[in-house]
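Asks: Once you have looked at the hints, place chain U on chain G.
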Amino acid sequence: MHRYKMKPFKNFPQTVIPGDLICPIFDVDDDNKQEVVIRFLTGTGCKQENFRVNGKNVDIIVATLKGSVSVEEVPADIIEDDDQEDSENTTFVESHETTGGDASSGNSRVIKSFKVSVSNPSKFASKYVDDQFVNNLPQEGDIVLARVTRISLQRITVEILAVENSPLPIDSGVGSNGTGIIAAAGGSGASTFSVSQVSADLGETFRGIIRSQDVRATDRDRVKVMESFKPGDIIRAQVLSLGDGTHYYLTTARNDLGVVFAKSSNGAGEQMYAIDWQTMISPKTGVAEKRKCAKPF
Amino acid sequence: MSVQDRRRILGPAEAKPLQFAAITPVRTVENRDDGNGNKSGKESVFISTDLVTNANGSSYLEYMDGTSDQVLVMSSVFGPRPLRGSFQSKASVSIQFKEVTLEHLNTGEIKEICTFLTNVFNAVINVEKYPKSGIDIFIDLIQHSNSNPTEEANIVNILPTCINSITMALVDAGIEIIDLVSAGSKDNSVVAFIRNGHEIVGIWSDDDNVTDISKLIEECKAKYLVNKQTLVQYLK
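Protein sequence lines, in the order shown, are assigned to chains G and U. The numbers in the first sequence follow this note's numbering, run straight up by one, and end at 296. The numbers in the second sequence follow this note's numbering, run straight up by one, and end at 290.
Rather than coming from a laboratory, the hints here were simulated on the basis of the structure.
Below are the DSS-like pairs computed for lysine-lysine, each with C-alpha atoms no more than 30 Å apart in a straight line:
| id | chain 1 | residue 1 | chain 2 | residue 2 |
| --- | --- | --- | --- | --- |
| 1 | U | K183 | U | K290 |
| 2 | U | K165 | U | K152 |
| 3 | G | K111 | G | K32 |
| 4 | U | K144 | G | K114 |
| 5 | U | K275 | G | K55 |
| 6 | G | K114 | U | K183 |
| 7 | G | K55 | G | K114 |
| 8 | G | K114 | G | K32 |
| 9 | G | K9 | U | K183 |
| 10 | U | K275 | G | K46 |
| 11 | U | K290 | G | K46 |
| 12 | G | K55 | U | K183 |
| 13 | G | K9 | U | K290 |
| 14 | U | K269 | G | K55 |
| 15 | G | K111 | U | K183 |
FRET-style restraints, in silico, Cβ to Cβ:
| id | chain 1 | residue 1 | chain 2 | residue 2 | range |
| --- | --- | --- | --- | --- | --- |
| 16 | U | E157 | G | D58 | 42 to 50 Å |
| 17 | G | R219 | U | K290 | 48 to 56 Å |
| 18 | G | D58 | U | N176 | 18 to 26 Å |
| 19 | U | R249 | G | Q277 | 51 to 59 Å |
| 20 | U | G120 | G | K55 | 36 to 44 Å |
| 21 | G | E163 | U | G139 | 23 to 31 Å |
| 22 | G | Y272 | U | Q73 | 51 to 59 Å |
Non-contacting residues of chain G with respect to chain U, defined by C-beta distances greater than 12 Å in every case (computed):
| id | residue |
| --- | --- |
| 23 | P23 |
| 24 | P74 |
| 25 | K111 |
| 26 | L152 |
| 27 | R210 |
| 28 | K223 |
| 29 | A252 |
| 30 | N254 |
| 31 | Y272 |
| 32 | W276 |
| 33 | E288 |
| 34 | K289 |
| 35 | K294 |
Just so you know, even glycine gets a beta-carbon here, dropped at the ideal spot from N, CA and C.
Looking at chain G on its own, in the form it has when it is part of the complex (with noise of 0.2 Å):
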């Protein structure tokens, strides 16, 4: 990742282990005699953690995970509302740093804002993926592939099998298999695993759920869920909640999202292709089935 030239990246430590102090949350830059507030958010493997300095609370952004620095600049128009609600505290802040005592002169400030993270590429890094392991949990907005379970008139239940862009852990997040130490309520394959292979008998995968309102955009309330999702189907959906104990709240309204694969006759016959975001056939009977199929492009 771009590690930037700026001033105040030059302190920042290559390579750290959890509790390393990486940097403060605020920090000023001096770019064409123009003051530059920078704002550190935390991204992934660190934390902002309340340290108490010379008599003085100091917020300061810690590693939480081995790994390698990264910083990356956040577009200002997308922190722009977060921004706004703390510009009284960017100038709290600044007013008690002892490089911030001439900032509040008034003349326009540029605030830029910059994401830091800790990842390790060592173990958990692939070629195939450009974002960087953390955890595998589904966030909000995260695009996940998913199983479906089973259906009915309301909803479709699925069971999430990876997140897009992150690697799976070890143990796929879901314990462990074979011979060793089993996690309490046992596991599935960890290096064996395989997106056919994970059971739902088992019941150890994060399960989902999927409204029949959530199956597409448009003409959402006479959506048939049988006309959209069989049992068996690999879907593409995008989280919308963290859900309930044991549910997410997942959509596939958006023309990127549905199935991508499926086999005819409840999976009986042999895998489908999409032709049209409704359909699917068989290539070889040429047997036609409804289904809500993701844009493969």
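Replies: Below, chain U alone, put in the same frame as chain G:
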């Protein structure tokens, strides 16, 4: 030689003895905190991580006192795994302690150790990062030979190594922790620290007559700093 021995089952006539390759000693990375230990630099720690293939992270620690004290501990970390039941916004950490060879401790003591370790690591693991999940930590006491046979002393001697071992396993697993937690022991007490000894995350005391608690903490802190330095040395 022409007389065939019919009483024994012999191998084929042209059999050759098996030839094995010469045994080459396995080289391991060792980390010894020479000179810093209290007992004239004889304390030593061996650390190894990522041994258990199907765990997310694991560690193996050998702690050797200058005397006959020896603690071998292995920990493995599984998860985060999905939890069932009501919604949990934070991870629930569970720690299982087990003596895998000889069993000296009774179930009540093991339960106490588990509760103590769980409390320590709940304070250190960034549990907000793992909603709806459980993190399972298994810690196996492989060997503990001790010159002092009283059971209280046993627990106090193994706890710092257990804490170090879990910390290393968590780092290996890539579970977010706010600092490396380690501990020091003195007499019949163990104090676990983070942030270079500025914060205490756990106190275990089997001592009925502790007179000066701040002195005890200072002495434990000194040992904590040595232990932590060893972990840092291994990780860097």
